[in-house]
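Number of protein chains: 4
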Amino acid sequence: MTKVITTGIIGLGRIGKLHAANIQNSIEGMQVKTAVDVVITEEAAMLMKKLGIENVGTDADRIFNDPEIDAVIICSSTDTHTDFIVRAAKAGKHIFCEKPIGSDVASIEAALREVRKAGVALQLGFVRRFDHNHKAVREAVHAGKIGKPEIVKITSRDPAAPPEAYVRTSGGLFFDMMIHDFDMACYLAGSQVTEVFTYGKVLVDDMFGKLGDVDTAIVSLVFENGAIGVIDNSRRAPYGYDQRVEVHGALGCVQDTNDVGSTCLLSTADGVAAEKPLWFFLERYNAAFIAELQAFTQAVSDGKDVAVSGEDGLAAIKIAMAAKKSLDEKRPVSISEIK
Amino acid sequence: MTKVITTGIIGLGRIGKLHAANIQNSIEGMQVKTAVDVVITEEAAMLMKKLGIENVGTDADRIFNDPEIDAVIICSSTDTHTDFIVRAAKAGKHIFCEKPIGSDVASIEAALREVRKAGVALQLGFVRRFDHNHKAVREAVHAGKIGKPEIVKITSRDPAAPPEAYVRTSGGLFFDMMIHDFDMACYLAGSQVTEVFTYGKVLVDDMFGKLGDVDTAIVSLVFENGAIGVIDNSRRAPYGYDQRVEVHGALGCVQDTNDVGSTCLLSTADGVAAEKPLWFFLERYNAAFIAELQAFTQAVSDGKDVAVSGEDGLAAIKIAMAAKKSLDEKRPVSISEIK
Amino acid sequence: MTKVITTGIIGLGRIGKLHAANIQNSIEGMQVKTAVDVVITEEAAMLMKKLGIENVGTDADRIFNDPEIDAVIICSSTDTHTDFIVRAAKAGKHIFCEKPIGSDVASIEAALREVRKAGVALQLGFVRRFDHNHKAVREAVHAGKIGKPEIVKITSRDPAAPPEAYVRTSGGLFFDMMIHDFDMACYLAGSQVTEVFTYGKVLVDDMFGKLGDVDTAIVSLVFENGAIGVIDNSRRAPYGYDQRVEVHGALGCVQDTNDVGSTCLLSTADGVAAEKPLWFFLERYNAAFIAELQAFTQAVSDGKDVAVSGEDGLAAIKIAMAAKKSLDEKRPVSISEIK
Amino acid sequence: MTKVITTGIIGLGRIGKLHAANIQNSIEGMQVKTAVDVVITEEAAMLMKKLGIENVGTDADRIFNDPEIDAVIICSSTDTHTDFIVRAAKAGKHIFCEKPIGSDVASIEAALREVRKAGVALQLGFVRRFDHNHKAVREAVHAGKIGKPEIVKITSRDPAAPPEAYVRTSGGLFFDMMIHDFDMACYLAGSQVTEVFTYGKVLVDDMFGKLGDVDTAIVSLVFENGAIGVIDNSRRAPYGYDQRVEVHGALGCVQDTNDVGSTCLLSTADGVAAEKPLWFFLERYNAAFIAELQAFTQAVSDGKDVAVSGEDGLAAIKIAMAAKKSLDEKRPVSISEIK
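Protein chains in written order, with the numbering used here: chain A, 1 to 339; chain B, 1 to 339; chain C, 1 to 339; chain D, 1 to 339.
One or more of the hints may lead you astray.
Listed below are the simulated DSS-like cross-link pairs for lysine-lysine, each with C-alpha atoms no more than 25 Å apart in a straight line [claimed, not checked]:
{"hint": "1", "chain 1": "B", "residue 1": "K3", "chain 2": "A", "residue 2": "K49"}
{"hint": "2", "chain 1": "C", "residue 1": "K33", "chain 2": "D", "residue 2": "K49"}
{"hint": "3", "chain 1": "C", "residue 1": "K3", "chain 2": "D", "residue 2": "K49"}
{"hint": "4", "chain 1": "A", "residue 1": "K33", "chain 2": "B", "residue 2": "K210"}
{"hint": "5", "chain 1": "C", "residue 1": "K135", "chain 2": "B", "residue 2": "K325"}
{"hint": "6", "chain 1": "A", "residue 1": "K49", "chain 2": "A", "residue 2": "K33"}
{"hint": "7", "chain 1": "C", "residue 1": "K49", "chain 2": "D", "residue 2": "K325"}
{"hint": "8", "chain 1": "B", "residue 1": "K135", "chain 2": "B", "residue 2": "K210"}
{"hint": "9", "chain 1": "A", "residue 1": "K330", "chain 2": "D", "residue 2": "K90"}
{"hint": "10", "chain 1": "D", "residue 1": "K148", "chain 2": "A", "residue 2": "K210"}
{"hint": "11", "chain 1": "C", "residue 1": "K339", "chain 2": "C", "residue 2": "K117"}
{"hint": "12", "chain 1": "B", "residue 1": "K325", "chain 2": "C", "residue 2": "K330"}
{"hint": "13", "chain 1": "C", "residue 1": "K49", "chain 2": "D", "residue 2": "K50"}
{"hint": "14", "chain 1": "C", "residue 1": "K49", "chain 2": "D", "residue 2": "K33"}
{"hint": "15", "chain 1": "C", "residue 1": "K135", "chain 2": "C", "residue 2": "K3"}
Derived by calculation from the structure, the hints in this document are not laboratory data.
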């Protein structure tokens with residue numbers, strides 16, 4: 001009989017609450033014992049109670065010092081990630097950390113050294129790798145069905161722009177949004193990105209411009225294996241979350257399309273009407289959020305490699321930094337320039 | 001705060017186990033206290049234990065005599081349905097009963113009288129009404145988007161034939177398989193069926209013929225509201241569960257297609273390859289099985305009408321009987337002939 | 001170098017004009033020398049002139065007595081078909097005849113005897129056999145890709161009802177519209193129909209009822225090879241010409257969908273909008289009308305069997321008669337009853 | 001009655017022969033009187049004869065000096081285009097010229113000055129603007145259905161690489177292939193391109209590298225109206241000609257997909273198989289080749305503006321030059337740098 005993995009969650013924002021609920025309701029072999037945040041809102045307290053999580057507080061040491069806790073789920077703000085990773089590693093706890101892994105290369109590398117030293121598992125929260133559609137595309141590429149990959153294309157558009165408060169601390173489009181696509185690009189190509197070039201614009205809301213960010217961007221990519229690629233992002237897609245990937249290779253092309261609420265098709269004199277894509281990530285990646293924690297549970301239980309490593313997290317951050325630098329300096333930027 | 005509805009399950013076959021797991025894992029506001037079957041297999045016992053259902057036995061009176069139990073989930077063999085409905089009604093318990101509701105009109109009508117007398121809720125397990133696709137089609141029709149319905153078409157094919165033992169007691173294709181489609185036809189048309197004509201064949205497996213059944217059938221339908229319709233069934237679809245509906249009306253046509261495992265599309269010199277439909281009802285109607293119990297929970301909690309009534313169950317049985325009679329007598333059969 | 005086949009056209013209604021234009025503009029190896037009709041409208045005269053057809057008149061003998069004319073294209077009203085077939089055969093001319101081949105079995109059989117005696121080619125105008133989509137379905141069935149056919153389904157709906165004048169002489173839905181589907185059913189199944197059962201209704205326009213016709217019908221079919229099938233027809237589909245076929249067999253299912261004006265897809269907050277099916281047969285079967293005459297040209301040039309024989313025309317008429325009889329007598333009707 | 005426009009064709013390669021056949025067979029109101037090329041192959045001579053074009057020779061003055069000829073169709077090699085445009089303009093003939101319009105900016109601008117001076121019509125052969133799918137996308141954008149355009153994406157991949165001889169004189173990928181996409185990008189965005197950045201690779205065939213060309217490229221674009229865009233090209237798509245466009249805007253997204261040979265769908269245990277895209281431009285843009293000449297005929301007859309101007313041709317050439325310069329110099333290149 002498999003031992004149930006006991007976890008503590010750090011950070012009870014939108015994603016922390018989601019993981020808490022998924023672990024308690026849907027992940028066999030894992031449970032949440034403790035949840036902490038800098039402030040515990042009444043709403044968070046009620047949810048934790050409903051989920052049967054009794055230890056709730058503001059001190060993360062309740063997790064790090066608890067010998068019953070096997071793993072930490074880090075869902076706090078990005079600037080705290082590497083610190084918590086280091087503390088968790090030193091406490092000998094396995095780690096699931098939300099993306100992005102951190103905000104500067106040096107501290108990320110230091111944290112990864114601690115992880116390696118402690119010999120604990122560290123899985124990054126690149127949830128899209130666990131989406132049924134993207135996964136099927138990756139598997140087709142991996143199985144050689146399209147031959148050597150040559151062109152990778154990713155369309156990724158949010159239904160609506162986030163609030164200003166979020167953008168102020170998120171690091172901006174390349175760090176809070178396209179970071180997923182950078183990881184997806186590497187995942188699909190089966191290769192690392194070596195250089196990028198960015199065009200970015202403020203077309204959706206001037207707020208982004210005032211904060212030094214863009215809301216619409218096209219980033220071209222060069223991969224180590226010779227392939228090239230492109231990602232486009234927009235902060236606004238009134239028809240819903242637009243998440244499509246495509247890989248073209250020597251033998252063919254594999255792609256996916258959006259999931260929809262139903263396959264219902266209405267034909268009238270006005271035309272043929274189909275349903276819109278699912279509205280946003282909670283709907284589209286609902287099953288993937290569960291699957292990534294199942295994979296983490298499995299990896300910890302079996303002592304096997306995690307599906308998304310800390311190094312993957314670092315790679316994505318470096319690409320994001322290069323993309324931002326390319327935008328700022330109006331020139332292609334090599335990943336090797338990022339220190 | 002809403003009271004949690006306490007249930008007892010009768011019958012721990014495939015569908016009973018499915019409902020037990022769904023109630024325990026996914027239905028807020030409902031729990032299973034007791035589960036009974038004529039024989040409790042070791043596998044069923046282990047599953048119940050894992051689901052936290054402690055009272056497991058062979059005597060249904062453990063359910064009917066338990067004042068803590070609010071509702072009964074009937075998943076036993078068809079021939080026992082009406083008897084359990086009557087006992088549940090007399091015990092003042094609400095009832096969720098798997099399809100078909102029974103095997104002869106008189107006993108069904110008697111059972112429905114008891115249900116009405118007791119004033120308990122009775123919901124039939126026509127799970128497909130809760131499927132996201134079929135529901136969207138129904139809602140488009142109901143909203144008047146295609147005008148007055150004129151033609152109803154249902155394609156319904158199982159991936160593979162059931163074992164002989166199942167067919168021996170199921171009542172055959174019209175009672176164990178097309179019964180769903182008869183209900184769906186009425187649900188989509190928003191009208192009752194008044195007459196049917198059947199062509200049926202043994203094309204999949206001679207076993208069906210030996211048992212006096214067919215494995216492939218086309219049943220034409222006439223509805224009270226003037227529409228006509230057709231259902232085709234096959235016991236074998238090597239590409240997976242084929243479940244499509246379509247309604248054509250004065251202003252247009254609304255239809256759905258199958259759900260698939262992923263939207264992944266592979267284009268090579270060999271052609272363009274897409275994924276097959278989901279394999280069978282557990283995959284396709286997974287969410288619908290949860291939704292029907294949520295609806296039952298809601299109906300019991302709110303004291304409102306159930307989504308699928310005992311009368312709907314009786315109507316479907318009568319159509320099935322007429323369809324079988326049409327096959328046997330090679331002529332159109334009116335539902336009014338069925339007593 | 002291949003000899004150009006010289007033809008005469010009888011009947012300059014909509015379809016006669018279409019064939020004339022196609023032969024003159026698009027059929028290499030065939031030309032129209034003469035065109036006749038009971039009355040030559042000014043519009044028909046101008047079109048013939050524009051097409052370079054100089055001999056235009058009201059006397060069909062101008063065609064039958066002209067030794068330069070190799071083949072006759074019969075596009076006159078149905079009641080004249082068999083007479084013109086007989087005259088053409090006796091004159092030793094090859095024959096392309098629009099559907100239906102005639103209106104009573106005896107005269108059709110007599111005409112076919114004359115054709116056989118004369119040794120001329122006779123091709124029926126079942127144009128849908130030459131449609132790229134239906135043809136691909138047929139070829140997949142024929143190549144054994146779905147194994148033995150078990151269920152044949154045909155959806156066939158006109159965008160709008162024809163004028164009363166047309167219905168008065170067309171023979172009604174089974175003879176002017178579903179006749180195509182009866183032929184398509186045999187073509188797809190690779191087998192003859194042996195029995196039918198019909199449900200028909202007047203739902204679109206009371207005019208049809210006054211003329212003793214129906215405007216909405218579902219006809220179930222039994223095939224000689226054991227398969228069963230169903231055709232549904234409606235005289236009104238506000239979204240355009242709805243022409244879909246499907247064959248289910250032991251190894252799988254093959255189907256087609258409608259052709260559309262463009263693949264353009266518009267996604268907005270209101271939903272996802274696609275184009276409607278092509279409006280009617282002139283748009284949908286445009287290329288097929290050319291292909292059927294190319295096939296006829298080829299058959300005549302090479303002395304090979306035609307793609308659609310007079311016997312196919314007779315078979316379709318018999319099914320139509322049986323379908324009408326089934327509607328009238330409210331019972332399944334065997335094709336063998338039709339004399 | 002409209003006067004028939006008499007034309008002379010210069011250049012009887014693949015595209016010249018195609019236009020000759022289309023004019024003779026499908027373009028009402030236009031005819032070919034004379035066809036010239038530097039060498040007349042026997043095959044070209046036979047085709048001209050079959051098409052009823054009697055004047056065939058090697059001296060272009062047979063066209064320019066013929067007062068009966070109203071318009072010239074220039075299909076010769078790119079390096080001769082501007083010279084022929086100038087000669088045609090001076091002779092007062094209207095001009096249809098294949099893309100690209102020329103190979104250096106100065107001579108193109110000089111030629112356009114002559115055209116303006118002569119007051120003749122000049123239409124460029126950007127045939128894809130006349131494709132039913134791309135046109136529907138453009139019309140949706142133009143009608144404001146997606147609001148202000150923000151992202152333009154074009155996928156354009158040839159089924160197989162051209163022969164080395166072709167590449168030696170074509171100017172390479174940006175001039176013989178992506179030139180279409182540059183024009184399409186402006187057409188869809190309703191705006192001019194102001195800057196580009198190119199990643200290009202030799203992945204398909206080393207031959208391209210040896211000739212100083214690439215065979216796979218991603219070019220990012222900035223438009224005058226603030227939108228950004230991206231084009232990807234590959235010289236090899238084993239599944240057929242891949243031609244898809246997409247425009248994302250403030251209110252939604254509009255896109256198209258490839259045309260296919262048939263809508264036939266085969267579902268078996270192996271999966272669901274659909275048809276591949278049409279093989280290459282002759283199949284996919286067949287109707288568009290006719291439509292562009294109909295539009296030219298119309299423009300000349302009515303004295304209205306042509307659908308694709310010489311300025312459009314010049315704009316596309318400048319973008320191609322900038323894209324090549326970007327590849328060579330590994331930096332974004334402004335169109336204003338191209339003289």
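Evaluated hints:
{"no.": "1", "hint": "B:K3 / A:K49", "result": "holds (17 Å)"}
{"no.": "2", "hint": "C:K33 / D:K49", "result": "holds (23 Å)"}
{"no.": "3", "hint": "C:K3 / D:K49", "result": "holds (17 Å)"}
{"no.": "4", "hint": "A:K33 / B:K210", "result": "violated (59 Å)"}
{"no.": "5", "hint": "C:K135 / B:K325", "result": "violated (38 Å)"}
{"no.": "6", "hint": "A:K49 / A:K33", "result": "holds (11 Å)"}
{"no.": "7", "hint": "C:K49 / D:K325", "result": "violated (58 Å)"}
{"no.": "8", "hint": "B:K135 / B:K210", "result": "violated (37 Å)"}
{"no.": "9", "hint": "A:K330 / D:K90", "result": "violated (45 Å)"}
{"no.": "10", "hint": "D:K148 / A:K210", "result": "holds (21 Å)"}
{"no.": "11", "hint": "C:K339 / C:K117", "result": "holds (22 Å)"}
{"no.": "12", "hint": "B:K325 / C:K330", "result": "holds (16 Å)"}
{"no.": "13", "hint": "C:K49 / D:K50", "result": "holds (23 Å)"}
{"no.": "14", "hint": "C:K49 / D:K33", "result": "holds (23 Å)"}
{"no.": "15", "hint": "C:K135 / C:K3", "result": "violated (29 Å)"}
Of the numbered hints listed earlier, those contradicted by the structure are 4, 5, 7, 8, 9, 15.
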